[in-house]
Amino acid sequence: MFNASDNPPGWVWRGLGWSAVLLLLTAVLVISLVSAGVFDPKPVGRLSYQQSLAAETVPAQATLIEWAPVAHLPDAFTARLTAAYQRGNANVGYGLVVGGEKDYLAAAVSPFGYVAVWRQGGKQAGGLHYYSLPWQTWPHIRPADQTNEIQVDVQDSRVTVRVNRELLWQGEVALSGRQVGWLGQSFDEAAVVQFQELRLYAPPK
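Using this note's numbering, you'd call the opening residue of the sequence shown number 179 and step up by one each time.
These aren't lab readings, by the way, just hints derived from the structure by calculation.
Using 20 Å as the maximum straight-line C-alpha spacing, the simulated EDC-like pairs for lysine to aspartate or glutamate come out as follows:
id: 1; residue 1: K220; residue 2: D253
id: 2; residue 1: K220; residue 2: E344
id: 3; residue 1: K220; residue 2: E327
id: 4; residue 1: K383; residue 2: D253
Please put together the full structure from these sequences, using the hints given.
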């Protein structure tokens, strides 16, 4: 049989009640901060260039690269591209390139939820093409015609790639140029990619 002496004292119940309230308030605060982007990765420096882009047709089994009209970026900068597959054959990739026309690093996603990072040209690549991260599925890709954000941070030779604000890849890359562009790559028939916006960030001079 239980009696009154078996029940916890009132202060224990009050403490448990306040603990539950504090846990709830903490959860609400954390969710609010995450939603507000407080914990999102910060770009290198301040916004220095912004360009609205347009839909581009990527020819069948071809690579299309367009370069931003920015002559030479500093040793440290961030590039952010937003884009989405629009129509045509979905076996296509799209993303960012940094470096130069004959020597660049590319980071791209596909409508099927794949992602890749590769190097084209340059002494480090032996003048050829090699993958730093071969095409593979990744849970943070928004599939089909949803918009994806690809971000590349360059700090001297250190390169960091993020997709939809999630860390994808880091590595040392000796780029010979400091240009930024957007890329479309078709593996089958032609496709249309809706390139939306390019933003560049750099430390103040």
